[in-house]
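Just so you know, the protein sequences line up as chains A and B, in that order.
When the first sequence is numbered by my numbering, its final residue is 780 and no position is left out of the sequence of numbers.
When the second sequence is numbered by my numbering, its final residue is 242 and no position is left out of the sequence of numbers.
A couple of the hints might just be wrong.
List of simulated lysine to aspartate or glutamate pairs, EDC-like, C-alpha gap at most 16 angstroms [unchecked claim]:
#1 B/Lys-169 - B/Asp-158
#2 B/Lys-169 - B/Asp-215
#3 B/Lys-108 - B/Asp-158
#4 B/Lys-193 - A/Glu-680
#5 B/Lys-195 - A/Asp-713
#6 B/Lys-108 - B/Asp-164
FYI, nobody ran anything at the bench for these hints, they're computed from the structure.
These figures come from a predicted structure and were not determined experimentally.
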Amino acid sequence: MPESEANVSEPGSPVVEITRAFRFSAAHRLNNPRFSAAENRRIYGRCNNPNGHGHTYRLEVTIRGPVSSDTGWVEGGQTLEAVVRAAVLDRFDRANLDREIVSEDGPTGTTEVLAGLIWRLLDGNLPAECLCRLRLEETPNNFFEMDRTGLASFGGPKRK
Amino acid sequence: MIRLTKRVEFCAAHRYVNPRWSEEENRRVFGRDANPNGHGHNYVLEVTIQGEPSPDTGMVMDLKALKDLIVETVVDRFDHRHLNLDVPYFKEKIPTPENLAVVIWELLEPRLDGCRLDRIRLYEDESCFVEYAGERGERV
Numbered sequence: 621m622p623e624s625e626a627n628v629s630e631p632g633s634p635v636v637e638i639t640r641a642f643r644f645s646a647a648h649r650l651n652n653p654r655f656s657a658a659e660n661r662r663i664y665g666r667c668n669n670p671n672g673h674g675h676t677y678r679l680e681v682t683i684r685g686p687v688s689s690d691t692g693w694v695e696g697g698q699t700l701e702a703v704v705r706a707a708v709l710d711r712f713d714r715a716n717l718d719r720e721i722v723s724e725d726g727p728t729g730t731t732e733v734l735a736g737l738i739w740r741l742l743d744g745n746l747p748a749e750c751l752c753r754l755r756l757e758e759t760p761n762n763f764f765e766m767d768r769t770g771l772a773s774f775g776g777p778k779r780k
Numbered sequence: 103m104i105r106l107t108k109r110v111e112f113c114a115a116h117r118y119v120n121p122r123w124s125e126e127e128n129r130r131v132f133g134r135d136a137n138p139n140g141h142g143h144n145y146v147l148e149v150t151i152q153g154e155p156s157p158d159t160g161m162v163m164d165l166k167a168l169k170d171l172i173v174e175t176v177v178d179r180f181d182h183r184h185l186n187l188d189v190p191y192f193k194e195k196i197p198t199p200e201n202l203a204v205v206i207w208e209l210l211e212p213r214l215d216g217c218r219l220d221r222i223r224l225y226e227d228e229s230c231f232v233e234y235a236g237e238r239g240e241r242v
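For reference, chain B alone in the conformation it holds in the complex (with noise of 0.2 angstroms):
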């Protein structure tokens, strides 16, 4: 078993919200993300999927059809937009480095064919990332 990782690039703008919330407890909670008028970053984007190579070609997955994938499923919709007003998943989820790798892993999960979703690791800064591979817990 292989494992691959591709790396992309998207820029978006978000703020922390939770709209059961008055306006003083998010400020109390979030902090400057709260900021009404919102804040950006340039995320780095890691996805790592797992299979055996193909006989015939070598390959667990052709690396341009996987950048392919994540920019259709997650660049085009992500990149340059407002991530609370611009992509419908954060309508009702805040929009934490959490949960957009949350969001990542399903979008792409059901999309690959051949090989397994392994981990998708989201940079929101040089000094910050986070890493989901699929699983879950007791519901919090």
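This is chain A alone, in the form it adopts within the complex (with noise of 0.2 angstroms):
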């Protein structure tokens, strides 16, 4: 059948959203060099004590696409479980996000801030425009939610 009349007589592809979960451990501390130390435990309370504490954060990433009728999948769904391991997890889990992932003249790591970081670590590594939403819990009763249109004005609190 000429590609033309099959468009005509079939309507497009579905388009569908695909959600992975994942978990990771991590140690942090909020704290902003540029405050006082009376100024950065009056803003970030507990989440300020010096020896840092730590939360198992759980990640859900979404993308979204038309499902192929080849495979009956979205482009990009078989491959966002290793891209999500290779590029976030690995890094991540049971590291010191202050000391380890987020530079020391970076913005301080909350995980707004996290969720920002993980966004630019999975947009290039996902085909072009298929990642759609990030969802970070750092515990079950505080998540952080962010799409594309957060993105533009995303840089988190300086630090300096």
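Need the complex rebuilt from these two chains, each delivered in its own frame; the hints are there to steer you.
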């Protein structure tokens, strides 16, 4: 059947989102060196404890695209787990986020900032424009979500 | 406008095979999912509808009626079946969670009256789910 004819007789491919969930455990401390010790304690409270603390983070990564008629899959879904493992989990899991992930002159490693960092790490390793949403749970009660619309203005608080 | 979601579960077997490809090609693309003897999942299906609450009942749709509709149109057809062998929609389509979500949308959407289907979310397991909201793009 000629392609033009097929296009007329059949609707387009359904656009589906696929989400995979992961966990990693890491330590951090919320502290901005531009602020005094008293100011840091006032703003970040218990999260400013000098010796740090940690979380078991839960990360949901959502990609979006048309379903292939050959495979029944959304492109990128098959490699999503390996990409997240290599780009994020292998670096973040069992790490001290302040010392090993967020550079000394970078922003304070809040979960908001981590979400933006994870977005940039994943986006370059997935098919173009297919990453559509991240959800990062610091605890079951606190979670942070971002999509492509939140990316342009994303920088996080400056430390210097 | 209010969204409401009903969650149901069903268990089914499936395998991934594209009949236009050789067995080697299927094995290369689909890996263990191409196992000819099949495997299975405990699926969790969330059906979200949207609409205005009725001034008489305060409900967008009676949750019991929504559950009955999902059981009749989806669960009774899919639960404890082999999707490739027992469910006619997957004679041609590969029963990936993506295609399952689309088929479930197409089964439910025309059966709703007085509210709209908002989204299908289908969990294959606790760490993987797909979502479909009726959107279509370019044909691929």
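Verification of the supplied hints:
{"no.": "1", "hint": "B/Lys-169 - B/Asp-158", "in the structure": "21 angstroms, violated"}
{"no.": "2", "hint": "B/Lys-169 - B/Asp-215", "in the structure": "14 angstroms, holds"}
{"no.": "3", "hint": "B/Lys-108 - B/Asp-158", "in the structure": "22 angstroms, violated"}
{"no.": "4", "hint": "B/Lys-193 - A/Glu-680", "in the structure": "32 angstroms, violated"}
{"no.": "5", "hint": "B/Lys-195 - A/Asp-713", "in the structure": "38 angstroms, violated"}
{"no.": "6", "hint": "B/Lys-108 - B/Asp-164", "in the structure": "11 angstroms, holds"}
Checked against the numbered hints given earlier, this structure breaks hints 1, 3, 4, 5; the rest are met.
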